[in-house]
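Visitor: Working from the sequences, and respecting the hints, build out all of it.
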Amino acid sequence: MIACALTVALTRQAVAKPEDNHARLISEVTAITPGRPFWVGIYLQTARGWHTYWRNPGDSGSPTDVQLKLPAGWKASPVYWPAPVRIDLAGTVSYGYEKPTLLLMRLTPPDKPLGRHVDLRGRVRWLTCTAEVCVPAKGDLSLTLPVAKTNAGDHSWKELFARSLSSLPKPSKGWAGTASLEKGTIRLHLKCPGGESASYLFPIESGVLDQSRPQLFHRSPDGLDAELTVSEYAQHPPSRLRGVLLTNSANPTESHQSAITIDIPITNP
Amino acid sequence: MVKSLVTAAALAALCIVAVPSLVSASLRPVHYAAASVGKPAPSWTLTDTKGSPRSLSDYAGKFVVLEWTNNQCPFVKKHYRTGNMQSLQKYAKENGVVWLSVVSSAPGAPGYVTPEEGNKIMKEQHSLATAELLDSDGKVGRAYGARCTPDMMIIDPKGTLIYSGGVDDKPTTDDDDLKTAHNYVKAALQEALAGKPVTTSTSQPYGCGIKYAHETSL
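So the sequences go chain by chain: F and G. The first sequence begins at 2 in this note's numbering and counts up one residue at a time. The second sequence begins at 74 in this note's numbering and counts up one residue at a time.
Just so you know, not all the hints are guaranteed correct.
Said to hold, decoys possible - Which bits of chain G does chain F cover? Going by a derived footprint, with three or more residues having C-beta under 8 Å, they are: (1) 214-225; (2) 239-251; (3) 259-273.
Unchecked claim - Below, a list of computed lysine to any residue pairs in the SDA-like style, where the Cα atoms sit at most 25 Å apart: (4) F/Lys184 to G/Lys252; (5) F/Lys192 to F/Ser259; (6) G/Lys252 to F/Val67; (7) F/Lys139 to G/Thr245; (8) G/Lys243 to F/Arg56; (9) F/Lys184 to G/Asp250; (10) G/Lys231 to F/Lys192; (11) G/Lys243 to F/Gln236; (12) F/Lys139 to G/Asp250; (13) F/Lys100 to F/Asn152; (14) F/Lys139 to G/Val271; (15) F/Lys139 to G/Leu251; (16) G/Lys243 to F/Arg126; (17) G/Lys212 to F/Val231; (18) G/Lys112 to F/Lys100; (19) G/Lys243 to F/Val80; (20) G/Lys252 to F/Gln68; (21) G/Lys212 to F/Asp89; (22) G/Lys243 to F/Arg188; (23) G/Lys252 to F/Gly123; (24) G/Lys259 to F/Lys184.
Note that these hints are calculated values from the structure, not bench results. Note that the structure is a prediction, hence the values are computed from the model and not measured. No residue lacks a Cβ here, since even glycine has one placed at the ideal position from N, Cα and C.
Guide: Written out as structure tokens, the structure reads:
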């Protein structure tokens with residue numbers, strides 16, 4: 002028992018307490034206008050030393066699960082996930098967020114009178130881990146917004162929404178790609194519109210790529226080539242390569258990293 | 074306005090966590106020489122929590138389940154507090170299948186157990202495993218490519234690996250998900266015991282990453 006108390010004290014010094022991790026529902030607008038879509042976000046506060054997981058958590062972990070309960074007639078988009086980072090813990094590679102994150106959803110209220118207020122409710126389940134320990138968490142989400150003829154941006158969250166929306170993976174406009182599978186290796190060839198380079202492809206589905214293997218992207222005369230190892234857990238040869246690609250601008254003065262989504266059929270020669 | 078909470082059970086998990094060890098900058102990555110489904114399972118000899126040496130070759134002619142475990146991992150806890158893992162172990166026992174839990178956590182890392190702690194935890198869990206094996210240098214875990222806890226492998230009586238992957242298809246820590254989960258291990262054992270090929274012989278395992286000892290030599 003003494004040993005137990007001692008380790009608690011030491012652990013708390015080393016990493017923040019799991020209570021420091023919490024979730025809340027926020028909106029980009031201060032009021033709802035019938036028929037006008039708006040963004041909401043599930044803000045996951047992550048204490049220093051803790052991380053949460055992307056939609057494909059990688060070799061370990063669990064994706065954050067958001068369930069919103071909306072009034073009748075409302076529409077909600079799927080969750081828009083910011084590009085994750087690669088979290089390598091001695092060879093076990095997870096995909097997630099080491100900083101507080103905003104998971105975004107686009108909500109569309111019906112174009113009809115909504116009353117004076119709207120209650121948005123939901124639940125979020127997520128797993129948060131350090132390099133040493135994992136803690137599952139649950140949170141109730143609740144946000145009440147007034148209904149108004151025009152809606153204004155909420156200044157308190159303006160910067161956070163702008164930053165989060167700009168960090169979402171973008172459609173791969175102008176890109177073209179081919180992928181072929183041979184002996185457990187996918188050869189990916191990408192034609193990039195602006196001479197970009199790429200550093201990593203996060204597969205959206207688990208069990209497609211061997212996530213612990215390094216990925217090497219190299220330049221070819223007309224774009225980029227990469228060799229990617231197929232997961233040993235693939236139940237059948239993958240037929241599509243869907244993922245988020247981290248890219249770097251060709252212009253050395255723009256040290257700008259961005260992310261695009263790709264979806265390329267895999268041929269099996 | 075907004076509420077959030079962290080489950081009490083989760084907080085308790087912190088109590089037995091060791092002080093995080095410093096990771097040296099020269100740490101070499103883990104090399105997985107992953108065992109392949111359909112190929113002979115790598116041989117090994119390990120000491121169990123009762124102090125007896127056990128080898129894979131001791132079980133020639135029998136089905137063997139290897140279950141990588143870490144009693145502090147919330148994914149492992151889900152399968153034990155609900156009785157899900159024990160019911161699989163019971164099924165194995167009733168059908169003459171050897172069930173070996175394996176702990177590959179490095180000394181000082183979460184999940185690492187001394188033989189006495191291992192025995193105590195198995196008793197508390199009402200585990201029906203044949204034995205728990207201690208693999209603190211992580212050699213067997215690496216040889217089998219075990220990534221996380223729980224990570225499940227099945228070896229047939231000829232010594233061929235016939236299943237490698239998760240317990241089921243619901244990668245969460247929520248008890249309720251077990252009601253709708255498809256248990257790959259149960260299905261694979263049922264098929265294999267009936268002399269049929271295993272329909273799903275591999276799946277993405279899910280759980281907590283295994284904290285392996287740093288590799289000192291290859």
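Visitor: Tell me, which hint numbers fail for this structure?
Guide: Those not satisfied are hints 3, 4, 9, 10, 13, 14, 18, 22, 24.
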